[in-house]
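Visitor: Here is what each chain is made of, one letter per residue.
4 protein chains.
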Amino acid sequence: MSLINSSTKGVFVIACTPFAEDGALDGESIGRMVDFYYEKGADGLTILGMMGEAPKLTQAESIEVTKLTLKRSEGKPVVVGVSALGLAAIGELTKAAMDLGAAGVMVAPPSALRTDEQIITYYRNVVDTVGADVPVVLQDFPLSTGVQISSKTLGVIFEAHPSIVMLKHEDWPGLQKITDLREAEAKGRRRTSILCGNAGVFLTEEMQRGADGAMTGFAYPEMMVDVVRLSNEGRYEAAQDLFDAYLPLMRYEQQPGLGLAVRKHVLAKRGAIASATQRRPGPALSVLAVKEIEKLIERQVHKLDLLRGRT
Amino acid sequence: MSLINSSTKGVFVIACTPFAEDGALDGESIGRMVDFYYEKGADGLTILGMMGEAPKLTQAESIEVTKLTLKRSEGKPVVVGVSALGLAAIGELTKAAMDLGAAGVMVAPPSALRTDEQIITYYRNVVDTVGADVPVVLQDFPLSTGVQISSKTLGVIFEAHPSIVMLKHEDWPGLQKITDLREAEAKGRRRTSILCGNAGVFLTEEMQRGADGAMTGFAYPEMMVDVVRLSNEGRYEAAQDLFDAYLPLMRYEQQPGLGLAVRKHVLAKRGAIASATQRRPGPALSVLAVKEIEKLIERQVHKLDLLRGRT
Amino acid sequence: MSLINSSTKGVFVIACTPFAEDGALDGESIGRMVDFYYEKGADGLTILGMMGEAPKLTQAESIEVTKLTLKRSEGKPVVVGVSALGLAAIGELTKAAMDLGAAGVMVAPPSALRTDEQIITYYRNVVDTVGADVPVVLQDFPLSTGVQISSKTLGVIFEAHPSIVMLKHEDWPGLQKITDLREAEAKGRRRTSILCGNAGVFLTEEMQRGADGAMTGFAYPEMMVDVVRLSNEGRYEAAQDLFDAYLPLMRYEQQPGLGLAVRKHVLAKRGAIASATQRRPGPALSVLAVKEIEKLIERQVHKLDLLRGRT
Amino acid sequence: MSLINSSTKGVFVIACTPFAEDGALDGESIGRMVDFYYEKGADGLTILGMMGEAPKLTQAESIEVTKLTLKRSEGKPVVVGVSALGLAAIGELTKAAMDLGAAGVMVAPPSALRTDEQIITYYRNVVDTVGADVPVVLQDFPLSTGVQISSKTLGVIFEAHPSIVMLKHEDWPGLQKITDLREAEAKGRRRTSILCGNAGVFLTEEMQRGADGAMTGFAYPEMMVDVVRLSNEGRYEAAQDLFDAYLPLMRYEQQPGLGLAVRKHVLAKRGAIASATQRRPGPALSVLAVKEIEKLIERQVHKLDLLRGRT
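Protein chains in written order, with my numbering: chain A, 3 to 313; chain B, 3 to 313; chain C, 3 to 313; chain D, 3 to 313.
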């Protein structure tokens, strides 16, 4: 069992949850998808996140997804999203996940939080609930949660709780926040791992600002893997070239609400999952949308060919 | 097993969830509290609502609370709050509750809903999920959920789903909404039961506007029982006299966030539960607040004495 | 010209803005209403607040209202609400108001503010914009603005800006905030005047917690004047008796959105303004609502008679 | 004087408001910027929008900006943003703008609106206030306003008010909305012009879905002009090639809050305005951000060179 820590680097793909066309959990596809992610170079996975349709699962299903993913990951680190309205549910799912061998848990703030004090208190309660031995990822995603956490407040939380080892960074705009955190660390604050989300659309800049990698679910995880690798090698121009080839589709996949339908469509097309089905409520792609995606993929293939010819 | 329906009337007390001082579920107090509510005249109970600290319970605990309450209610109707972020959890808890003998379930809209269409679709999904044979209470509480449902949209939902038999009415202001709904029924729309919340602070006007009773948790349920009874007898002046005697404390108990601490303090003081403990996060009462409550109760007793002397 | 300062005490009535039935500004009624408020014992007035329909006025009309009110106030202090989306408008209206002889200006935070830092920065910008010589009232009304300001953040702002001399207190629940602020002052922080809002429904407790008075617009300002006076004399029981007599109507007038229609109806009935007209958008009272108000007033008169007989 | 109408097509650039380094309005730069936009091919301009820092201007300044822009536009259509908290301010600024020769006014919904009914009523009040002879642009930008308007509600509003001739489309995701509206028109609803915003990041798809052009402020308006032209010529592939070359910078400029600083930086660099200064509150670009922008521009130039070589 490997745990994440404050030095964790690389690409943790936000896994989707595959369903059969009748809405049943598709365990076979979980296995196939896990293989697919690792074949594309993922260092680890994050399951039961917002894009994993976690709220649409019963608790038994959540645990089933965790089991199947952990088994197939064969020791690679898997972070489990445990965000919930109440601490009791967070504690219960955390215990189950860690007992099964998870690498840590991820917690986003509930949307009612407003003041710095409320946010700080919330994460104290979370750490008290899950236990200080469980590695926690703080998910900072204001566009979705409505909760804004300043760099300073993040710092207060990180200093108070060494077990919060990682930031899932997806503030927008968020580049300054990475710089703020790294500068504070340069002045003596303990290090925190920073993996970036937002569908990857700022990954090149984020890596240059000091991020440790990506934690998001773009349907071409190899882009993230290569951008992170090239950035770590200091080959920023090559990273940006690669990034640019994928950006038109990334932008399309980043659309709130609709994005998961796009992602699952592409994953199904790539053979990673059997069906693009989402559980209700979840928008379906229109014929026009599918055509737009197909066109974007066709152009993406062409650009990547050009790029490979050039290198 | 008795089910609620569109003619259900009376007072359904929103039950709190009693905890021991160490935060454990206090099963013994559940029994005592259930007895207390019925002794004070409650027609039924509603458990696992917002003021029942539902999100702080694990699912096993939620089911335990349901079991204990139903058993002690000896056939009286108990509505179970099943609001959750996802339909799967709603479906799962509903099934468990109805199997145990609940009279129906209550569902508030998740706070991301905005347009009329989204709200209408949501309740269609809820009915599909729980099954059209399960009586549903629609909880309309914009102050807490942030979701505003117009009288017209309520009408669309009620017409589409006969199994939504009751409105837990707590819009603020909300008197016109009762009038709107009753007027639409007078013109032919099917009847819906309307039980009112908001800590009871508009109960007298609500009864005159056509409400069927109360569904809220004021620590003196006998006030609600008597106001509803007197209103049904057309004795509005007497109802208002009684109401006024309790209003200063009701107002104090209605404070968002703090209100539950007030309510549990009074219930513990009255012997209905062993401890006023809330699970985290939940504000404690300061010494000053306790003094204010004690003063309000003292004055309330005095006013009720005067009132009884006068009648 | 009298300015408000950090020791200001008493009752500042939130004045409404009277309109003729065709929606035109009713200058004659402004004079009559100003007289009415002072006759009932007001120490000062606050104009162009949320309940003064300020956003429905053109800037020229805002200045006209300010002029007429100041003239008729004959030296009594008048605070002018200058909240706006942008600092330029705040600066412009402040200058106009102070030049005309206002006692200070009131500023609520714009609803986009979230973190403590954003709120603190906002008030620094406000003070820079209006000038450090202009007394400022910070309006803390989360129910309406959506902005939550903790006691600690209020303290940071008060310490940074001596020209913010007063808190218009209307957090809900808000009693602890008064206690927090007074305790910090007891430990050395400079004093700030605290006048309370929220339609007056917690005025008795607020006075005992250390408030300096009221700044709200209940249509019976004499209630506030007497409760403040009795509280200052330590006659808390008498204050509460009086308060209780008015509470049923206060509660009715406190309804968000609808409250101003209630208030203007009563003010018109009492002869303070010629017409209850609101500018669009503003809900009208239904026939049923008017009946409810009339009934509440009738009962209020009776209770006050009883009370006077008793003392 | 040319008015916009329901057939208006092309690119209306959302103009920024240039300030000198001391924060004063920079009238000379207004002229230069207006020339710049038209030289790049703009069909018209929209001033005093959200990205025009409108709330930071006094009313006199707003009118000055309108005057200067209209004069320099020499008959080209200029839409004026008049969104405000109250109808009075909307009416006043509309009158001033139309008297000066504006082509129409743009109104976004105030953020308190929730139900369909509230939104429909709001636009009825707007049309009543500005007069049915003034062409109105409805700005649909939920990310910024928090107000979600369904396709159906837009349809109700468009049918009720022929003077609402244009939709500034920036819902996200928003492609389906364009399709919905065009399909309804195909079935008989009157036509509305649709110009798209969101910094242009979906412009290629939007044009194919039936949009009439763009109304946004990307610092390279020639991209929008060419994409719209190529799309109108059915040369979608060429449009997409051009679009892709600009997308990395567009994405960077789209960052909420920070985007205007990026835009003004680029406009200043291109000589369109003298200074990138924003009025407070407005974030400044860090040294790192400037470097990122410079790099993106450098790469953009290179890609455009490649593209021109290829055609």
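Hints should not be assumed to be uniformly reliable.
Note that identical chains are pooled: a pair holds if it fits in a single copy or bridges any two copies.
[Unchecked claim] Quick list of in silico lysine-lysine cross-link-like pairs, BS3-like style, CA-CA up to 25 Å: (1) K179 to K297; (2) K293 to K189; (3) K297 to K97; (4) K154 to K179; (5) K97 to K42; (6) K179 to K305; (7) K154 to K297; (8) K179 to K293.
Treat the hints as calculated values from the structure; they're not laboratory data. Here the structure is a predicted model, which means the values were calculated and not measured.
Visitor: If a hint holds in the structure, say so; if it does not, say that too.
Guide: Comparing the hints with the structure gives:
1. K179 to K297: For K179 and K297, only the inter-copy Cα distance (20 Å) is at most 25 Å; the intra-copy one is 35 Å.
2. K293 to K189: between (51 Å within a copy, 24 Å between copies)
3. K297 to K97: neither (45 Å within a copy, 45 Å between copies)
4. K154 to K179: Answer is both: 9 Å inside a copy and 24 Å across each meet the 25 Å cutoff.
5. K97 to K42: Intra 30 Å, inter 41 Å, cutoff 25 Å: neither.
6. K179 to K305: Classified as neither; 32 Å inside a copy, 30 Å across copies.
7. K154 to K297: Classified as neither: same-chain Cα gap 43 Å, cross-chain 29 Å, threshold 25 Å.
8. K179 to K293: between (37 Å within a copy, 17 Å between copies)
The structure does not agree with the numbered hints 3, 5, 6 and 7 stated previously, though it agrees with the rest.
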